[in-house]
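Q: Line by line, the protein sequences are chains Y and B.
The first sequence: position 141 = 142 (the working numbering), numbered continuously.
The second sequence: position 139 = 140 (the working numbering), numbered continuously.
Watch out, some of these pointers could steer you wrong.
[As the list claims (entries may be wrong)] A short, non-exhaustive set of chain Y residues, derived as facing chain B with CB atoms under 8 Å: (1) Pro37; (2) Glu38; (3) Val45; (4) Leu46; (5) Ser50; (6) Ala67; (7) Val70; (8) Ala71; (9) Glu73; (10) Asp75; (11) Gly91; (12) Leu95; (13) Ala107; (14) Leu108.
[Unchecked claim] Far from chain Y, by Cβ distances over 12 Å, these chain B residues were calculated: (15) Asp34; (16) Glu73; (17) Asp75; (18) Trp85; (19) Ser86; (20) Asp100; (21) Lys102; (22) Val105; (23) Asp119; (24) Arg123; (25) Ala125.
To be clear, the hints were calculated from the coordinates, so they are not data collected in a lab.
Positions of the beta carbon are idealized from the N, C-alpha and C atoms, including for glycine.
Protein chains: 2
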Amino acid sequence: MNTMSPPEGQLSIDQCWVMLDTETVGRIALIVDAHPEIFPVNFVLQRRSIVFRTAGGTKLWAAMTAKPVAFEIDGYDAHEEMAWSVVARGEAELIETQDEKDEVDALFLEPWQPGDKDYYVRLAPKALTGRRFKVKKPDLWNTRLSDPRRAAFE
Amino acid sequence: MNTMSPPEGQLSIDQCWVMLDTETVGRIALIVDAHPEIFPVNFVLQRRSIVFRTAGGTKLWAAMTAKPVAFEIDGYDAHEEMAWSVVARGEAELIETQDEKDEVDALFLEPWQPGDKDYYVRLAPKALTGRRFKVKKPDLWNTRLSDPRRAAFE
Chain Y
2 MNTMSPPEGQ LSIDQCWVML DTETVGRIAL IVDAHPEIFP VNFVLQRRSI
52 VFRTAGGTKL WAAMTAKPVA FEIDGYDAHE EMAWSVVARG EAELIETQDE
102 KDEVDALFLE PWQPGDKDYY VRLAPKALTG RRFKVKKPDL WNTRLSDPRR
152 AAFE
Chain B
2 MNTMSPPEGQ LSIDQCWVML DTETVGRIAL IVDAHPEIFP VNFVLQRRSI
52 VFRTAGGTKL WAAMTAKPVA FEIDGYDAHE EMAWSVVARG EAELIETQDE
102 KDEVDALFLE PWQPGDKDYY VRLAPKALTG RRFKVKKPDL WNTRLSDPRR
152 AAFE
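Please construct the entire structure, taking both the sequences and the accompanying hints into account.
A: Rendered as structure tokens:
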């Protein structure tokens with residue numbers, strides 16, 4: 002473990018990886034036709050890289066490959082009343098060999114969207130930053146996970 | 002309510018607004034220096050627009066104003082074993098008058114990050130899309146909210 006303490010409110014690289022290891026859903030932001038796009042993906046970690054599958058198609062993949070992407074996870078710890086977020090930045094690369102795909106499948110990567118997922122994508126972050134802080138109005142945050150209004154839709 | 006049913010798996014515009022009304026945290030994706038950026042914000046709805054505060058500073062604001070942004074929320078309904086996401090696209094605008102800021106404050110908008118939030122930002126979506134679907138491996142998804150490994154960090 003990294004024994005250096007990061008500045009107040011910032012997560013160390015090691016802490017960022019731990020948070021990535023606890024989550025299964027993140028969001029990819031990328032640029033498509035000069036517009037920012039964002040979509041959720043289910044992901045796994047593999048050798049300190051973030052791996053996900055997408056059926057986004059050729060256009061999405063062309064926008065992603067060898068170009069900068071950002072990947073985000075966030076959460077709220079109701080017990081500690083702490084919110085946190087982690088952002089990974091880097092370039093996405095396609096996983097092309099069947100051996101590598103099999104290795105990813107063995108990690109139980111389940112795609113977010115249903116249907117066939119043609120592309121296996123890896124993001125080895127060049128930068129990894131995270132924040133964690135006490136929220137001011139815990140009651141307001143708690144509604145995020147337990148809001149009874151949600152029942153109206155479901 | 003909109004009585005037209007959207008295609009299987011897609012949410013209607015009205016359903017998207019209902020989901021937006023149930024959440025308090027979303028993520029903004031935008032382009033900064035030709036790179037995609039993504040960060041979480043706490044938001045409120047006001048007259049069918051998404052309003053949030055940010056202390057991102059001049060650079061971030063310059064990248065956001067009058068330029069396309071994307072805003073995303075997602076979630077998982079463990080009872081129904083359904084995952085969902087909503088993405089709003091449009092251009093962000095600065096809320097400048099104190100009257101408008103007061104109106105936003107009255108909606109109990111609490112910023113995600115601590116500290117002073119200089120900018121009040123409004124996104125009136127030009128496009129609003131949402132998806133909802135049954136997940137294939139509910140056990141895997143349930144860990145998202147109840148993963149015991151999270152205790153190792155917290």
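Q: Quick check: which numbered hints come out false for this structure?
A: 3, 4, 5, 6, 11, 12, 13, 14, 15, 16, 17, 18, 19
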